[in-house]
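Asks: Let's have the full structure, built from the sequences with the hints guiding it.
Below are the chains, spelled out letter by letter.
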Amino acid sequence: MTASPDIAALALTAKLAGLTTVLLLVIGTPIAWWLARSRSRLKSVVGAIVTLPLVLPPAVLGFYLLVLLGPDGALGRLTQALGLGLLPFTFPGLVVASIIYSMPFVVQPLQQAFVAIGGQTLEAAATLRSSPVDAFFTVALPLARPGFITAAVLGFAHTVGEFGVVLMIGGNIPGKTQVLSMAIYDHVEALEYSNAHWLAGGMLCFSFLVLLVLYSRGWNQLR
Amino acid sequence: MTIAARFELSYPGFNLDVDLDLPGGGVTAIFGPSGCGKTTLLRCLAGLERGAGRLEVNGEVWQQGRTFLPTHQRPIGYVFQDARLFPHLDVRGNLDFGRRRAGPAAQRLSSDTIVELLDIGQLMSRLPARLSGGEQQRVAIARALLTAPRLLLMDEPLAALDHARKQEILPYLERLRDELDIPVLYVSHAPEELTRLADHVVIMAAGRAVAQGPLSETLVRLDLPIHLGEDAGAVFAATVAERDADWHLTRVEFDGGELWIRDSGAALGQKVRLRILARDVSIASSRHEDVSIMNLLPATVINHAGEDHPALVLVQLRIGNTVLLARLTRRSAQRLALAPGRQVWIQIKAVALIG
Numbered sequence: 009m010t011a012s013p014d015i016a017a018l019a020l021t022a023k024l025a026g027l028t029t030v031l032l033l034v035i036g037t038p039i040a041w042w043l044a045r046s047r048s049r050l051k052s053v054v055g056a057i058v059t060l061p062l063v064l065p066p067a068v069l070g071f072y073l074l075v076l077l078g079p080d081g082a083l084g085r086l087t088q089a090l091g092l093g094l095l096p097f098t099f100p101g102l103v104v105a106s107i108i109y110s111m112p113f114v115v116q117p118l119q120q121a122f123v124a125i126g127g128q129t130l131e132a133a134a135t136l137r138s139s140p141v142d143a144f145f146t147v148a149l150p151l152a153r154p155g156f157i158t159a160a161v162l163g164f165a166h167t168v169g170e171f172g173v174v175l176m177i178g179g180n181i182p183g184k185t186q187v188l189s190m191a192i193y194d195h196v197e198a199l200e201y202s203n204a205h206w207l208a209g210g211m212l213c214f215s216f217l218v219l220l221v222l223y224s225r226g227w228n229q230l231r
Numbered sequence: 139m140t141i142a143a144r145f146e147l148s149y150p151g152f153n154l155d156v157d158l159d160l161p162g163g164g165v166t167a168i169f170g171p172s173g174c175g176k177t178t179l180l181r182c183l184a185g186l187e188r189g190a191g192r193l194e195v196n197g198e199v200w201q202q203g204r205t206f207l208p209t210h211q212r213p214i215g216y217v218f219q220d221a222r223l224f225p226h227l228d229v230r231g232n233l234d235f236g237r238r239r240a241g242p243a244a245q246r247l248s249s250d251t252i253v254e255l256l257d258i259g260q261l262m263s264r265l266p267a268r269l270s271g272g273e274q275q276r277v278a279i280a281r282a283l284l285t286a287p288r289l290l291l292m293d294e295p296l297a298a299l300d301h302a303r304k305q306e307i308l309p310y311l312e313r314l315r316d317e318l319d320i321p322v323l324y325v326s327h328a329p330e331e332l333t334r335l336a337d338h339v340v341i342m343a344a345g346r347a348v349a350q351g352p353l354s355e356t357l358v359r360l361d362l363p364i365h366l367g368e369d370a371g372a373v374f375a376a377t378v379a380e381r382d383a384d385w386h387l388t389r390v391e392f393d394g395g396e397l398w399i400r401d402s403g404a405a406l407g408q409k410v411r412l413r414i415l416a417r418d419v420s421i422a423s424s425r426h427e428d429v430s431i432m433n434l435l436p437a438t439v440i441n442h443a444g445e446d447h448p449a450l451v452l453v454q455l456r457i458g459n460t461v462l463l464a465r466l467t468r469r470s471a472q473r474l475a476l477a478p479g480r481q482v483w484i485q486i487k488a489v490a491l492i493g
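As you go down the protein sequences, you meet chains F and L in turn.
According to the numbering used here, the first sequence is numbered sequentially starting from 9.
According to the numbering used here, the second sequence is numbered sequentially starting from 139.
Hints were generated in silico from the structure; no laboratory data involved.
Fair warning: there could be bad hints in the mix.
Claimed, not checked - What follows is a set of in silico ranges between Cβ atoms, one per label pair, in the way DEER data are often shown: (1) L:A267 x F:G209: 51 to 57 Å; (2) L:T205 x F:A19: 55 to 61 Å; (3) F:P38 x L:G351: 46 to 52 Å; (4) F:F145 x L:S249: 20 to 26 Å; (5) L:S248 x F:A19: 58 to 64 Å.
Using N, Cα and C, we set each Cβ at its ideal position, and we do this for glycine too.
Replies: Below you can see the structure in the form of structure tokens.
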């Protein structure tokens, strides 16, 4: 059976993934919109930066985040000056790291959805007296709904599954920054395979079910 | 109301340079081959494209120097070649989209009138994906009209449709022209649409407007830089004067004479538009009674000019105040000694009543 630290890890993971997904949808939507619509030369640079976490080893990302957010890092000084203290080894630190780590998984589906809508439909909206902001909310967002579903699913699932970054930036403090993947790791280290099975198997089923439910909904809405 | 438009716009390999004064009423066709800049001109008028220039519509400046009224603030209706209906909204939602944003104060025509005019009442709860191409285009036209536009811009609205669908929509466009008092700029490269719909025509070639004027005058010009070939001919107005029920024929009167045409059900006194193709007109030096052709008319040669094919000439003829075109071989023209001022008889093989 699972012990209470495991329950805590489960709750923390759900909270982390949920919060990260919501924040990423808010932050990622304007970035994806800009990447899909802009003709700026900066587009390729921004696109590459957003995609970087996809190819970077999580340990590298976690290491640089630790340095940046640490007491002598630029962002660490900023958070201290703002009275927020230091983010490493705290839950907010985990959220910041997860947002950066899962960014491409949210931005890319959104960007593809916005590109697929194309400029033509938005031109039609403009000829029907719809301002750009109005057209964004009444035409682009509804048409991009399948993209939002994909983005949310991938962002959530990817955050649940992270390990390297959260280990670097969060440490492994039970009840505070210990997420599921780390709890599993600890169980395996301690040769508690049965506990590891409960968590790992549960996570497998959960991931599969979430994908199944959301994807089948997504396909229906596309039709 | 008039539209004064001057635009300059360059893309690699393309250069639009036009200076137009367009009438503020009726249908003005912007006619020319593909790639001549017709659509770009329309997009400039809509504010979807921004080139250098100036645009004044009905006394209001829409573009001049730094002034540039964005598309959504221009009181236009725009019908795209592909209908561009919003796929997430049903027909009613698509129609309401523009109508609501234009506001009730702008409405000059009730939505019922427009829905009935385009015959889309039974489609209201359908999604665009469940409509045929012709139905989609009719909804798109209604959607544009429901924004109460002061100027309707139509970019080859029939080009994406097959022949049958075109024939299905053309009558609706004719009704639109006849029943709504909205100036229309109609981009097309199809001579049939030009002759059936337009009152006024701007002919474009390689990014420039090379000729413009009333349709009936412009079509019979011999100096047009683009040749209509098989579609060369005259279009003019006539009135139904007599119907002969026995022979199923109708006599129509035009400015210069009268013609017998097949009875198409047009009522007495009705104004009709006739088209006589240049290839259907032959010329004789005297009146021949012993031919099957019904319509024999005296005419005066105005001028003639060479056609694309070296064997052919196009002859301009005057009958009263109406000008017709005839296409014959250069040899026949020489044998008949056709010269300006020469009196001849013309034989008209076919007259089309085009609405």
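Asks: All the hints need checking, so say for each whether the structure fits it.
Replies: Hints, verified against the model:
{"no.": "1", "hint": "L:A267 x F:G209: 51 to 57 Å", "in the structure": "42 Å, violated"}
{"no.": "2", "hint": "L:T205 x F:A19: 55 to 61 Å", "in the structure": "59 Å, holds"}
{"no.": "3", "hint": "F:P38 x L:G351: 46 to 52 Å", "in the structure": "51 Å, holds"}
{"no.": "4", "hint": "F:F145 x L:S249: 20 to 26 Å", "in the structure": "24 Å, holds"}
{"no.": "5", "hint": "L:S248 x F:A19: 58 to 64 Å", "in the structure": "59 Å, holds"}
Violated hints amount to a single one, hint 1; each of the other numbered hints is respected by the structure.
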